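Student: Since the structure of chain A is already known, use the hints to place chain B on it.
Listed in order, the protein sequences are those of chains A and B.
Start counting the first sequence at 1; every next residue gets the next number (this note's numbering).
Start counting the second sequence at 372; every next residue gets the next number (this note's numbering).
These are computed hints drawn from the structure, not numbers from a lab.
Not one of these hints is a red herring.
Listed next, the stretches of chain A that the computed footprint assigns to chain B, with coverage defined by at least 3 CB atoms under 8 angstroms from CB atoms of chain B: (1) 170 to 178; (2) 246 to 252; (3) 357 to 368.
Far from chain A by the CB rule (all over 12 angstroms, computed), these chain B residues: (4) Ile375; (5) Glu419; (6) Leu444; (7) Met561; (8) Gly581; (9) Gln681; (10) Met955.
These numbers were taken from a predicted model, which means no experiment stands behind them.
Backbone N, C-alpha and C define an ideal beta-carbon position, used for all residues, glycine too.
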Amino acid sequence: MKFTASQADLSYGLQTVAKAVSTKNTLPILSGILIKGDGNRLNLTATDLEIGIECMVSAQVAEEGSIVLPARYLTEIVRKIPAAAVEVEVDPRNYTAVLRWDRSQYTIHGFSPEQFPFLPRATQDSGNKLPQNVLRNMIRQTAFAVSHDETRPILTGAQMTLRDGHCHLLATDGVRIAYRRTALPESPQGEQSSSLVLPGRTLSELSRLLAANDEDTVGISVTPTQAFFDLGDVRLVSRLLEGQYPDVLRLVPQSYSTSLTLSAQQLHDACERASLIARDGSGAIKLGIDPERVTITSSTPEVGQVYEEVAASVQGDPLEIGLNPRFLMDGLKALDSDQLLFEFSGNRTPSRMKPQDRDDFLYVVLPIVVW
Amino acid sequence: MGRIQVLDEQTANLIAAGEVVERPASVVKELVENALDAGASRVDIEMEEGGLRLVRVVDDGSGMDRDDARLCLERHATSKIRRGTDLFAIHTLGFRGEALPSIASVSRLEILTRPASEVAGTRVATEGGRDLRLEDAGCPVGTRITVEDLFFNTPARLKYLKSPGSETGQVSDVFTRLALSRPDVAFQLMSGGSVLSSTPGNGSLLDAVGSLYGTKLARGLTAVSWENGPTRVTGYIAKPEFARANRTHQHLFVNGRYIKGSSLRFPVEEAYRNLLMTGRFPVFFLSVEVDPEQVDVNVHPTKLDVRFSQEREVKAALYRAVQEALALTELVPSVTWGEGAPASGFAPASGFAPATASPGRPPDDGGAGGAPQDPGSPWSLLAMGEAAATYLTGGGMAGLTEGEAGVGTAGAAGVGAPGAAPTVGEAVEKGAVFAPGARQGGATVHHPELLALRPLGQVLRSYIVADGPDGLYLIDQHAAHERVYFERFARERESRLTQPLLIPLELELAPQERALFEASREVLTGAGFEFADLSGGTLLVTGVPAVVGESAAPGFFRDFLDRLAGGSSDGHALDKGLEVKRAMAACKAAIKAHDPLTLAELQGLIYQLACAEHPYSCPHGRPTMISLSEGELERRFKRTGA
Chain A
1 MKFTASQADL SYGLQTVAKA VSTKNTLPIL SGILIKGDGN RLNLTATDLE
51 IGIECMVSAQ VAEEGSIVLP ARYLTEIVRK IPAAAVEVEV DPRNYTAVLR
101 WDRSQYTIHG FSPEQFPFLP RATQDSGNKL PQNVLRNMIR QTAFAVSHDE
151 TRPILTGAQM TLRDGHCHLL ATDGVRIAYR RTALPESPQG EQSSSLVLPG
201 RTLSELSRLL AANDEDTVGI SVTPTQAFFD LGDVRLVSRL LEGQYPDVLR
251 LVPQSYSTSL TLSAQQLHDA CERASLIARD GSGAIKLGID PERVTITSST
301 PEVGQVYEEV AASVQGDPLE IGLNPRFLMD GLKALDSDQL LFEFSGNRTP
351 SRMKPQDRDD FLYVVLPIVV W
Chain B
372 MGRIQVLDEQ TANLIAAGEV VERPASVVKE LVENALDAGA SRVDIEMEEG
422 GLRLVRVVDD GSGMDRDDAR LCLERHATSK IRRGTDLFAI HTLGFRGEAL
472 PSIASVSRLE ILTRPASEVA GTRVATEGGR DLRLEDAGCP VGTRITVEDL
522 FFNTPARLKY LKSPGSETGQ VSDVFTRLAL SRPDVAFQLM SGGSVLSSTP
572 GNGSLLDAVG SLYGTKLARG LTAVSWENGP TRVTGYIAKP EFARANRTHQ
622 HLFVNGRYIK GSSLRFPVEE AYRNLLMTGR FPVFFLSVEV DPEQVDVNVH
672 PTKLDVRFSQ EREVKAALYR AVQEALALTE LVPSVTWGEG APASGFAPAS
722 GFAPATASPG RPPDDGGAGG APQDPGSPWS LLAMGEAAAT YLTGGGMAGL
772 TEGEAGVGTA GAAGVGAPGA APTVGEAVEK GAVFAPGARQ GGATVHHPEL
822 LALRPLGQVL RSYIVADGPD GLYLIDQHAA HERVYFERFA RERESRLTQP
872 LLIPLELELA PQERALFEAS REVLTGAGFE FADLSGGTLL VTGVPAVVGE
922 SAAPGFFRDF LDRLAGGSSD GHALDKGLEV KRAMAACKAA IKAHDPLTLA
972 ELQGLIYQLA CAEHPYSCPH GRPTMISLSE GELERRFKRT GA
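Isolated chain A, as found in the complex (with noise of 0.2 angstroms):
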């Protein structure tokens, strides 16, 4: 193989595949990344067998043919590269590259190209597609609140649920509740629902590369074991976590006694206030509510003591109620909306913030129990 690309496009496309590059050592051959020249364009691949990402750059293929180069020598050494374009030509018979620009020339020993595994594709095109943005705002307001405890490994993904031309994702850690929905613009005909649970991993990995605008489209394509994401230039394929998601959506209360209405950034900065007092102590607020006031109080013996009213608007039976500040600011930051409506049913139960006018968005939160 022997191909010609500019430092540029060729550096962009590797450091994208580069995240997907097994860190694990295990396999030596995933370590690499396979670079496939092909007509006018380079295929860029790499994969830990959990996640793969393959990108395309357009390059001017001499020869066409394939290898797999280590990624921790070539993203760098091509980073840095002072030129404009490299020339790259492969020995296919010592699986070895040689990088040429300017009066410079390096050599790289790679591997057999057989050995890369193959990255599945999706057997269909589903139809489903978002724009970028909204599905990369998704994974914002969610992904926050996948557990990081392996103990229980379905929670430590999200999940998606394509269903009645809607995408739902949501995430929960046994303690918050994450969830987001947004209508499919593009909804096929005669789709059937399916859900999935994708590693949080996959999660910022695709956030990452999800362009911010809502031009650019991803669609999103699943098999009972991988989820496709198809990026145009990018594409990016994970396994699925196996096993059942627990319903935890059904485990929120429907009827709430009390509600507030009011600024979320307000009590998103009260509450940090409040925590840098709290952090050293329980870590815990306590939140009272009634008609007349709502006040943020928290105390730490040897610090000091907390005491914030905040403007609101009740309704309902008074209530004092124990929180984690630090959940709180989370829901608070994704919510995306500056009038927030936040509902509780007693203190040992949970609550559930949403934006004021928008069903789409729902924080739901347990308190902590004083006693």
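Tutor: For chain B alone, kept in the frame of chain A given last:
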């Protein structure tokens, strides 16, 4: 027909001998116990070739008359109990009436005895329990029993004995236990004509320990004296620095009887937790006295295990007794400590050479950790006593302010107007450095003797060097700060918070674990756990204490139940689980080795340490400080004749 026969007595004795007389050490034990039961005030033990050739026990006890001397060799002939009910209130060490006939059946035995009331003594001799010969003999008051050629007629047993050297070791062990059980009796152990060890028999356990283990350990002991109703715990516990890698130096006596069963050791070890590293075991000499009717010693022929009808109470008593003694340890001036320099003969090169003392060793395993274990080391775990107290009362706060100018300012400012001294900065803010009462809810000084330390600077940016009443002190800054945080977290996070769980944790418990769990359910609920029962042995945890956290909860439960199964009481098992979390948090929060600190910060850290309840070890049990005494310094510089 006729296949079942009653065994003749000789055979019965041989069988009993198999249980009671395992090796020379058991002969020594049985004979000495008899001597003690006979009211001896002096017991001499002599052996040859590890006791295989000869064991001789001489006492000055009551002795026996002719009839008793003959009877004592018959099985179940004993002077110690008369009827079955006596078994439940045993005051003597022996009682089964098995020992002497058993020993006699496997050796050449000679008894020479005379009670004070008779002019002539009696000599009884047998060979393998046969051919009993009785005759008059002249001898002092008391009894002398000589056992020769043990197991001469049971070659199989003889074959399985170890070398004379190792049998000697076993005899020494037994001797140590017996001698410790009766400090009022003078013991002497001789082997091959030379004295191996002896105790003065003056009634002082401390002197007995000193003569058996050396004065260094004896000086490091703390007295335990605790009483609650009929239960009394007395004796000595060694400071954590004397901890060993195994339990062989734990001596526990119940009503004067040495107990080997380990379940009573747990409460003692639990009292030491956080003061010892894992894998190190405290050294102690404790005696528990309970109502004899509460103890069943007739569990095992060699009586190494006992049963209590009130086991939990006895364990709780031990725990509290030791805990209270430990809490007082560093506060109580240990008078003997200051007397003279440690009696060690170290060449100057091997000891306090700056290149070998601490540098280069990671603070978390070598350095400070290694030194106190070395029995002869001049570096001793800090035990500041009287000297510190006088220094403090004499110098008082002046002692603090005469330090660096900055420190002096801090002292004055702190007392006068806390927070109003911009030059002091951080140190004052951190802990109201010199004004204990200046803040509401502020810490109280638990260890005022530590305030006498004047920091001079840092070594390797890891150890604080301080001038103190007794010489030079080195403080491991990380370990010290860890201790400070650990106690602070313990205070702050006792707050009662429960985190309910959206998705309950399922715990599947085996029936045995289930029973343990049910017994401790209240303690767990009291700590903030919430449970719901499902049928079929499954237990749902619906809420966990906020300190434990959800993800750590399943592991927490396993460990908790394991500790319960291991004999811990539920309260201790729970505390231990919580403390692991705290110790970890403290380790993360604390300043690390190689963090540079200003003089004011050093002073602040020492102050915080003085406010800690257990300032002398970090939560993992490593020492926070070591000292080099004035005497030691003088010896190193050859200012005094060593």
